[in-house]
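First to last, the sequence lines map onto chains Y and X.
Take any residue in the first sequence, note its place counting from 1, add 10, and you have its number in the numbering used here.
Take any residue in the second sequence, note its place counting from 1, add 1, and you have its number in the numbering used here.
There's no promise every hint is true.
Unchecked claim - Think about it this way: if two alpha-carbon atoms lie no more than 30 Å apart in a straight line, the pair counts; the simulated DSBU-like pairs of lysine-lysine are: (1) K325(Y) <-> K272(Y); (2) K325(Y) <-> K286(Y); (3) K136(Y) <-> K325(Y); (4) K79(Y) <-> K515(X); (5) K317(Y) <-> K62(X).
The set of hints was computed from the structure by calculation and includes no laboratory data.
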Amino acid sequence: MRRGSIIQLVLIGLVAGAIGTAVALLVPWLPTAAGKEADRIHFVYWFTTAIAIAVFSVVTAVLGYSILKFRAAPDDFEDGPPIHGHTTLEIVWTAIPAVLVTAISIVSAVVLAENGKAGPDPLLVKVTAQQFAWSFTYPNGRTYGSLTLEKGRSAKLDITSNDVIHSFWVPELSQKQDAVPGQHNTIVVTPTRTGTFPVICTELCGLGHAIMRSHVDILSQADYAKWVSQGGTASGPPGLAVFQQNGCGGCHTFTPAQASGKVGPDLDKLKQEAAKANRGSLDRFVQESIVNPSAYLEPGYPDAMPKIFGQQIPKAQLAQLVQYLVQGAR
Amino acid sequence: MTQVAHAPAHAHEAPRPPRGLRRLTAPGFLRVAWVMPLFFGIGLGLVVLVRWAAGWHPLLKSTPLLTVELVTVPLGFLVGIGGFDYWAYYASGRATRPEDHSGHGARSWRDYFRVNTDHKVIGIQYVVTTIFFFMVGGLLAMLFRAELAQPGDQFFNPQTFNVLVSNHAALMIFLFVIPAFAGLGNYVIPLMLGAADMAFPRLNALSFWLLPIAGVILLAGMVTPGGGPSAGWTCYAPLCSHQPLGQVFFNMGVQWAGASSIMTALNFLVTIITMRAPGMTFWRMPLLVWANFTTSLLVVIATPFIAGSQFFVMFDRVLHTNFFEPAGGGYVLGYQHIFWFYSHPAVYIMMLPGFGIISEVIAVMSRKPVFGYRLMALSLMAILVLGFSVWAHHMFVAGMAGWLRVPMMVTSMVIAVPTGIKIFSWLATMWEGRLHFTTPMLFALGFLSMFVIGGLSGIYLASVPIDIHASDTYFIVAHIHYVLFGGSVFTIFAGIYYWFPKMTGRMYDERLGKLHFWLTFVGFNLTFFPMHYLGLQGMPRRVADYAHRFADINLFVSIASFGLGASTLVFLYNMASSWAHGPAAEANPWRALTLEWQVSSPPPIFNFDEIPQVVGHPYEYGVPGARHAIFGATHPEPVGAD
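Build the full structure now, drawing on both the sequences and the hints.
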């Protein structure tokens, strides 16, 4: 090759590399990390990105140069030089990618191992997914509809599901784990900054998949201690706690609980609906609809409500929930 | 082995049309009209009989009835249209009709709606059918992109949305990409090998007719009362076994498409192994044939696994078995292992034939031999072998055995090496060539650049930690579209434009072809590139609703996707008008060396009036006096005398 063409080739490669780098750096691709594990995952991401930009530049340089330089005129019926191969070149472009992917693999394996290790005295939280809500149970036996973590202290999340497969993800914490019925999967998260972040279900789980959301509050050490001593945010009527723990708001709208789910019938209109259904007193109708949801289906809604609540909710709590719904209904 | 082409001694005229009552018993749609209801009755009778004998009530129940009918009614269709005639005559001891080749060639458009044993007719049947389902699948995508243009509920409820997403993927994979390659391969492979037809022409016809059946079943599922299949194309248990009735359509539709795929692959394998022209050694085969050889091996080995996964999940539902039901001691993740043991190789089933097409197009349009021909063939084989050792990279967050993650990451990374070899060899093929930027070449270059991006995002996803963050988000959606649209669909377009003159005997409009390319290329990138960002930032896939902060980008993506959809209209118009009134094509408009271009466009009814004698490699551009094959050799040299 002539020297001039090498310079042109390198120039195209540099331009491609500069564009690639600009796209990588100027767009905020990743959410701001809020955990140690996320920091490590972001490192693997940037390590891979550097290699990707290099590969992209080389390919673009060769492709761009060829398109510019080797264009044939429409009336050109000549053939190119009959080059069949070049053994050294072929060995080189087998070996270099092999080295690069080995490097990425090693970095990834190390980070994966590190991300499985919890710090001292980890907080153990049981995460239960069901259509279409999350519940979080703490070592003291209390259950909440959202997750509360302490900054700087690792948490081991023991994740399972009551029905189909769901997946637990907090983008800022990067860690993700499927919730599989009949199986307990563990992940570790170590928060590094306070704030409130979304908990998202990422595995298609049915009608309410898109709104199967909760949130995680990451509190400073002092705030977390206060939260624990107050026993969490359990203010309001006892039925509200039952409503939240069982994720009713994932599917139903109910103004007193600030729930706005749209998969199932609107519980604000409970009285109207009970009158239409005509299945005994309001109390009886509400209880029947929770324990045996298929008994009466509001027109226009599928038979989609899980049939597990009869067993899942203890009798006393069920009574609280029914009372809460009946009182709040308009 | 030597395969002699049929001597074209007898005339191949259309069979005389049957008259009177014979019209009802002769193969065709009239016979379908009464055999299909008959088979519906048989299915109904079977269900009632079994339930009555077992003492189950009610005697008629929708799920078992539907399951059985989705076997018997399509069988009735195949019997009616004549897919089994020859074998039925043979098996029942009646005289088989002597092969008069009346099922060869197409004389009018009506012949494309009959059981035809000519690989050239079947190839066109395949391509046209798959383009139809490509349009339907694309339309579904535009419907749910309309829903996603804004957060909140606009046009569809979540059930309908899930149906649209599930069927978009199912149609594009099972009824477009996989069979479109089967169609192009069907047309081209026997020609490239110097054979008169495929090894099993009747099986070939049958495998085509399974395809519209699968398509109709999937489409019918969408309008089932109670809701269509909505568990995604992956149909994960146990969600999939607890879906409305329409889900059975998905489970069964996949079986018909899979059966079609397996039959075609067997046919390709036997054809490639036994029907090569004299002198056509394996190392003289065009890379498209190599690509379909490896693909067919993948199909034959892997496809039974998806059949198994769909049967098991359906048994859980219909027969109340507990393969994947945790309450009954089933193994939930077992479904994913079996499913991905097919569906990862399926990614290569959807990619390797495209690699073959690109090798043909780039060599011919660059006027240079394929760089490193043997390594190109060997890297296909390497991808084939490695492709079976990476399935669990789809399950890094699924909760499978922890030790399995790092080995699966390493094998997934290693696949980048043979894939890289192919990319670099194509670039080296173009180097110092004389590039002709025809439409197929533009699509080949579009493929090359887009596939590099898809391959690089694949490296991110192969890395377990990054995959943990990006899994099940729009980053995945972006990645698979860069691989399956920027990859597979671009190669299918390249192949269709490249062989259009051979298939139809007419030239397409080059200016419209280029317009189609640029609209597709720009529309594609505007639609799918922003999805990388959406996913990494926290938008999960398969959601009908999303956070407000993603609203602007989603609106942009939706508008771009409508543009991308509209670009297909240019393609359709070009194909339809050129097929009808395009200028007549020469035998070899691209000045290619491979055998399909050494016969007329379209080729004679049995492909070669004279048996070609293969004497050299298929890509000897620039080598003075080099020939791939000669016609009229007095003593054809047998295969193996390289």
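Going down the list of hints, with the structure as the test:
1. K325(Y) <-> K272(Y): With Cα atoms ~27 Å apart, K325(Y) and K272(Y) stay inside 30 Å; holds.
2. K325(Y) <-> K286(Y): This hinted pair holds, its Cα atoms lying about 27 Å apart.
3. K136(Y) <-> K325(Y): holds, 22 Å
4. K79(Y) <-> K515(X): holds, 20 Å
5. K317(Y) <-> K62(X): This hinted pair holds, its Cα atoms lying about 22 Å apart.
When held up to the earlier numbered hints, the structure conflicts with none and fits them all.
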